[in-house]
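A.B. asks: Sequence:
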Amino acid sequence: MFTSLQRLKKCTFTVEGCAALAMALALRPRPSPLRELDLSENQPGNLGVKLLSSVLEDKRCTLETLRLNDCNLTEKCCEALASALSSSTSSLRELDLGKNKLHDVGVKLFSVGLGNTYCNLATLRLSDCGVTANGIFFLSSALKTNPSFLRELDMSRNSLGDSGVNLLSAVLENLHCNLETLHLKDCNLTVRCCGALASALSSKGSSLRELDLSGNELKNSGVELLCVGLGSPHCKVKTLRLSHCRVTDGGCSSLASALLSNPSHLREINLDNNNPGYSGLRLLSAVMEDPTFKLETLSAWPYPVGREK
-12 MFTSLQRLKK CTFTVEGCAA LAMALALRPR PSPLRELDLS ENQPGNLGVK LLSSVLEDKR
48 CTLETLRLND CNLTEKCCEA LASALSSSTS SLRELDLGKN KLHDVGVKLF SVGLGNTYCN
108 LATLRLSDCG VTANGIFFLS SALKTNPSFL RELDMSRNSL GDSGVNLLSA VLENLHCNLE
168 TLHLKDCNLT VRCCGALASA LSSKGSSLRE LDLSGNELKN SGVELLCVGL GSPHCKVKTL
228 RLSHCRVTDG GCSSLASALL SNPSHLREIN LDNNNPGYSG LRLLSAVMED PTFKLETLSA
288 WPYPVGREK
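Numbering (this note's numbering), first residue to last: -12 to 296.
Accuracy of the hints is not assured; some may be wrong.
Once the Cα atoms are required to be at most 27 Å apart in a straight line, the calculated DSS-like pairs of lysine-lysine come out as [as the list claims (entries may be wrong)]: (1) Lys191 - Lys223; (2) Lys(-4) - Lys172; (3) Lys191 - Lys281; (4) Lys37 - Lys(-4); (5) Lys63 - Lys37; (6) Lys(-4) - Lys88; (7) Lys46 - Lys(-4); (8) Lys(-3) - Lys63; (9) Lys63 - Lys88; (10) Lys63 - Lys46; (11) Lys172 - Lys88; (12) Lys191 - Lys131; (13) Lys281 - Lys206; (14) Lys131 - Lys88; (15) Lys225 - Lys172; (16) Lys172 - Lys281; (17) Lys172 - Lys223; (18) Lys223 - Lys281; (19) Lys191 - Lys225; (20) Lys223 - Lys131; (21) Lys37 - Lys(-3).
If you are wondering where the hints come from, they were derived from the structure by calculation, not from laboratory data.
Required output: the full structure, derived from the provided sequences and hints.
C.D. replies: Laid out in structure tokens, this is it:
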């Protein structure tokens, strides 16, 4: 009997297991109660994922969450997944394909499904998949075609570069885009993408609530540009992560100014592993202690200022 939650993570699950699971789901006369399936850190192979994808197209399948993180997959499984996402009966809302060698060609194939109006994915994780700006071109094109479904996108640990994030920023400006959480940690970004991000945050239709830019060489100049967007009354970001971004007191000053301009949204700032100095942290701490502002959590390890209201 299948349950609504099935975790098979790191269970030496192979293509044979996928075949058995797919057959069991396909033979059920009534809709399966299975809602979540975690096969992360197994070896289902591209063939195993293709078998599961065929089940996802069955109207009796009500699976909403599928995790395939670190499953040694390649672009060869992406067309089957795209077909499943394009199915009129697809119920999938969350898909984790992180730590697989999909590369740009895989994202290109997969994006055909994302752009289909039947696709209802709310969460997509593609961290550490070997994606570059070329892959983002196809992903952003799909999101422009079908902009309203996705709420969370994780592209961390891919070499997207500034040009890739500029493409994503254009999607964020779409009035119909409902993306709320964007993870861009360790994406080889610099100051050159911050203007486009600021423009997206300033747009009237912006719905972004959480932005992670950790591990990128933004420096003070990048933070200063980003703060133009953060200070806009249209910006709704509540959580901002800038750890390992080479920010000093100048960046803190820009953040404090942005908070003065737009005091009602930002709740959490993470500046871990930067060098803000005590002068920079005093500026942000003063904002945090002022009841006019909504800032609740400030972290700047190794500085002893990690605190909450």
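A.B. asks: I'd like to know which numbered hints this structure contradicts. Please list them from smallest to largest.
C.D. replies: none
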